[in-house]
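Student: Listed below are the residues making up each chain.
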Amino acid sequence: MEFAVSAFEPKLVAFVCNWCTYAGADLTGTSRIKYAPNVRLIRLPCTGRIDFMLLLQAFGKGADGVIVSGCHPGDCHYTAGNFHARRRWTLFRRLLDFVGVDLRRVHFAWVSAAEGAKWAELVNDVKTKIQALGPYDAFPKRLDGRPQPAEVA
Amino acid sequence: MEALRQRARELLAAGTVQAVLGYAAGSEPDRARPCFVRTAAEADGLIWNEHCRQNLATYLQKPEVRALGRLALVARRSTLRALLQLAAENQLADGRVVALFVADDGAVTELPTLAAIEELVARLPRGLSDADRQELDRIAALPLGERQAYWAGEFARCIKCYACRAACPLCYCARCITEANQPQWIPVSSDPLGNLEWNIARAMHLAGRCVDCGSCSDACPEGIRLDLLNHVLAEEARTQFGAEPGYSVRKDYALASFKPDDKQEYIR
Amino acid sequence: MPRIGVFICHCGENIGATVDAAAVAKAAGELPGVVHAVDYKYMCSDPGQNLIKEAIREKKLTGVVVGACSPRMHEPTFRRACAEAGLNAFLCEMANLREHCSWVHEKLPETTEKAIDLVRVMVEKVKRNRPLFPINVPITKTALVLGGGIAGIQAALDIANAGHPVVLVEREASIGGHMAQLSETFPTLDCSQCILTPRMVEVAQHPNIRLYTYSELESLEGFIGNFKAVIRKKARGIDEATCTGCGACIQKCPTKKIPSEFNAHLGHRTAIYVPFPQAVPNKPVIDRAHCTYYRTGKCKLCERVCPTKALRYDQEDLLVEVAVGAVVVATGYEVKGTDFFPEYGYGRYKDVITGLQFERLASASGPTLGAIRRPSDGQVPETVVFIACAGSRDPAKGLHYCSKICCMYTAKHAMLYKHKVHHGRPYVFYMDIRAGGKMYEEFVRRAIEEDQVSYIRGRVSRIYEKNGKLIVKGVDTLLNSRPVEIAADLVVLATAMVPQPDAEALAQKMKISYDGDRFLNEAHPKLRPVEMNTAGIFVAGACQAPKDIPETVAQASGAASKVIGLFSKDELSREPVVAVVNRTAPPLFSTCVGCFLCETACPYQAIEREEIKDRNGNVLKTVARVNQGVCQGCGTCVALCRSKSIDLQGFTNEQVFAELVAL
Chain A
1 MEFAVSAFEP KLVAFVCNWC TYAGADLTGT SRIKYAPNVR LIRLPCTGRI DFMLLLQAFG
61 KGADGVIVSG CHPGDCHYTA GNFHARRRWT LFRRLLDFVG VDLRRVHFAW VSAAEGAKWA
121 ELVNDVKTKI QALGPYDAFP KRLDGRPQPA EVA
Chain B
1 MEALRQRARE LLAAGTVQAV LGYAAGSEPD RARPCFVRTA AEADGLIWNE HCRQNLATYL
61 QKPEVRALGR LALVARRSTL RALLQLAAEN QLADGRVVAL FVADDGAVTE LPTLAAIEEL
121 VARLPRGLSD ADRQELDRIA ALPLGERQAY WAGEFARCIK CYACRAACPL CYCARCITEA
181 NQPQWIPVSS DPLGNLEWNI ARAMHLAGRC VDCGSCSDAC PEGIRLDLLN HVLAEEARTQ
241 FGAEPGYSVR KDYALASFKP DDKQEYIR
Chain C
1 MPRIGVFICH CGENIGATVD AAAVAKAAGE LPGVVHAVDY KYMCSDPGQN LIKEAIREKK
61 LTGVVVGACS PRMHEPTFRR ACAEAGLNAF LCEMANLREH CSWVHEKLPE TTEKAIDLVR
121 VMVEKVKRNR PLFPINVPIT KTALVLGGGI AGIQAALDIA NAGHPVVLVE REASIGGHMA
181 QLSETFPTLD CSQCILTPRM VEVAQHPNIR LYTYSELESL EGFIGNFKAV IRKKARGIDE
241 ATCTGCGACI QKCPTKKIPS EFNAHLGHRT AIYVPFPQAV PNKPVIDRAH CTYYRTGKCK
301 LCERVCPTKA LRYDQEDLLV EVAVGAVVVA TGYEVKGTDF FPEYGYGRYK DVITGLQFER
361 LASASGPTLG AIRRPSDGQV PETVVFIACA GSRDPAKGLH YCSKICCMYT AKHAMLYKHK
421 VHHGRPYVFY MDIRAGGKMY EEFVRRAIEE DQVSYIRGRV SRIYEKNGKL IVKGVDTLLN
481 SRPVEIAADL VVLATAMVPQ PDAEALAQKM KISYDGDRFL NEAHPKLRPV EMNTAGIFVA
541 GACQAPKDIP ETVAQASGAA SKVIGLFSKD ELSREPVVAV VNRTAPPLFS TCVGCFLCET
601 ACPYQAIERE EIKDRNGNVL KTVARVNQGV CQGCGTCVAL CRSKSIDLQG FTNEQVFAEL
661 VAL
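Protein chains in written order, with this note's numbering: chain A, 1 to 153; chain B, 1 to 268; chain C, 1 to 663.
Next comes chain A alone, as it looks inside the complex (with noise of 0.2 Å):
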């Protein structure tokens, strides 16, 4: 049975550290386990280089919803950036809640490099609760004529 439904599919941005949640995404292709194509990874170095006002840019570049996702807490590469990124996390989603965001959108994770299957399940769940949801139109988008970041010459 098929139904010409043009369902809305959110956008999603997801932040990563390479060592653990990057590693593990790449375990869940090596794994060939599949999930919803709707998210993009940015991938950093560790989750305590994640800057708070990234997420804010993804929301205002139109994400719908965004994964923030790191090595599990003893396991950062480099010992402790993941308790460093966790408490501002803490701080950030109090804060978040404050004025007004909607914290269904901002998905916390520990996946480890061998979580393959965990990344997967993860995408497709924050996928679907973000449908449910719907668009994000609340967020204030970045406006047009708001400058660029210079083009390298």
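In short, the hints are calculated from the structure, not lab data.
These numbers come from a predicted model, not from an experiment.
Among the clues, some could well be false.
Stated by the list, open to error - Computed Cβ-Cβ distance ranges for the label pairs, DEER-style: (1) B:262 <-> C:189: 45 to 51 Å; (2) B:95 <-> A:133: 55 to 61 Å; (3) C:23 <-> B:160: 41 to 47 Å; (4) C:218 <-> B:141: 57 to 63 Å.
No residue lacks a Cβ here, since even glycine has one placed at the ideal position from N, Cα and C.
Starting from the structure of chain A, add chains B and C where the hints point.
Tutor: Coordinates of chains B and C only, in the frame set by chain A:
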């Protein structure tokens, strides 16, 4: 008030300080303005009342003020906390400032060292005023959509004048993130995304550092309650990480430290 | 203008079957700044790499994006290819079209759209890439080894034998450590000193080893390849160069009843002493707290009998500065007292002793010359009870961890006792027996089966004295928890192994991390077991975790080989993915305001303070500087910096921001 003037006169006459930074009568009866008193004779201009709210520690980082030499600073609780936090952040040398703490009853305590400030601040009552508390709780209790609408409405009035930043004793960066343009983190003009980004960035940059003086929202020409954002984060940093900024000269920044068992129930 | 080349790989069918590679290349070719875009069956093959090299030369590319597999797979391959064609390796980025796209999605238009997105993001990033060059750090090829136990001795000898100078620092008067105190070693029962003392002598005579005994680390500054260590050489009270070690002073010393540390307080020593006869160096020290001369101002008997006039009563501590390129921490452990279990009566009853004390009783060089005689009256004990886990594995009363060696040394003690007192009755109370190791299980079986040691599975609740016997009350959990009572003549407690009392202070001094039990934290529990988080500092032995001699020696050799590896080049070459604090024109010098909140966020202590001075040397400003020899490039400081004054090379704010804008 007279006690304050008297201390100012003595400190200037003895040459202990080169200037006293305090409050003078403002252009309206319900306003006070900061003033630099350089001579004992000028000390009569100093006032002390409920309108003397601005955190004067803000001025200490300005090169012109640095050039004045040793200062006495008329201080409230949050001024003292700002001094300690500035010291913890390597921005204030011990002995550069003599704090003149004015208690509710007008009694003046002279605090020549950071250690003396630490000791006094530890004894002062803590916490938000009832009015701030109520406003905070009211907004936090709004349904998500209304909360979003409330702040969108507030931030829509923001004109990006950065008075909040100028008034904050801990916004002393030589270059603010708003001035960084490679990349342009926050747009120069006032637009809904940029206004939201600026206000979130400001609050996050003060998380675990804010000393609850409220100078930011006092300075806001649009009357946006920016201080509430700081209060929310201060409360979270305190309950989650035990952060007590402005009570010690010891560097203990909640966002540059961690415990392996910090809360993480929201992380799957 | 940037001139970017985009190379889309089919990876055979791996990408090509799901993603329309030609369409991706075509779309990429239309992106601003892209001057060349092609697809090819196997980009990593030689012809594929040649496509890239030729395009770099012919089209004068300023950046390359390879849309292929994961960068974790082939980034080095393509970066090398770029470098070979004269393009800086760091101007090459990869878009992960296989693991993150073709392998995980169906053959749908969305999948090709995603591939185009991934390429566009990388094109925007690579436009902002800068050429980066490996960071070279000079290396001082001298190692500092802290601790002269078996771990430090092994590490020092290995490094010295590889031809590098070693500075070995030991805080006691002699090297040897705990191993010198042991009687025999499990599972071979060879004499500990017999295998150790030749190594000690080798250390003393090795031309590459400079030995500082009775010395401690005062401070350590610097970073990998370039440390400056200050060693406090404590005043011995004698001139080591003149002293011949004849021992006349020791024989004449009138203060003879000082409990001997080496004998675990079971024997005595004099105020001027060497810890044990085979000490290296064999030069005495004066224990000023007990020496009659220092206490009363009179005596100097030792000076009178010294044939070489080597005594120096007014000697002071000496601070020695050494430049080293690497440090091996091998500071060992101590045996915890039994304050956890006051009901065992240690300290109250003379005949309740620790395992280390039993070692001294069983040692031929010990206070009883190897005869098992109990401390109270010197009688040979007929019944001896050994209690395992007296402090370990008991989170409620003692320590939560397993001290690892007690099962084995308890079996050894029971065996040694039985070998020396044939009619004796040894009992062992234990929780379980952990005998993992080569010939270890066999060793324990031998104790039980051949030497008939009675093993009782259960804990001891109490020990008290009655009619000259120590009544040990316990329980046998294998016999329906039947209470057991043994009248013993001697009780030996297998007390826990804990770090040295000042382990924490030393770790703080060296800025290395330690765990809740004060054991040092290795850089990675599995893959970097001998390195500390701080580059250039290595660890060996029980200061890292409880371990036995073979493991300690293995770790020491491991640490030594890491040091030798480091010293194998004149310069250390490091990936340039490191954080950098910006520098600007005066009067700002840097947008950094010097709040140094990043300092504690750095897991590697790579943030330093730099004073910017005017011509007259006046400090104008203090700003942060990242030590590129130490930084590992996590970027935690970058995200923390409010004024965006720190950036991470290879993952700059500008690059990441551009990636987002391109989405």
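Student: Hint by hint, note whether the structure agrees.
Tutor: Taking the hints in turn, this is what the structure says about them:
1. For the hinted restraint 45 to 51 Å between residue 262 (chain B) and residue 189 (chain C), the CB-CB distance of approximately 50 Å keeps it satisfied.
2. Checking the proposed 55 to 61 Å range against residue 95 (chain B) and residue 133 (chain A) shows it holds: the Cβ atoms sit about 57 Å from each other.
3. The beta-carbon spacing between residue 23 (chain C) and residue 160 (chain B), approximately 43 Å, falls within the hinted interval of 41 to 47 Å.
4. Evaluation of the 57 to 63 Å hint for residue 218 (chain C) and residue 141 (chain B) yields a pass: the beta carbon distance comes to about 59 Å.
Violated hints: none; the structure is consistent with every hint.
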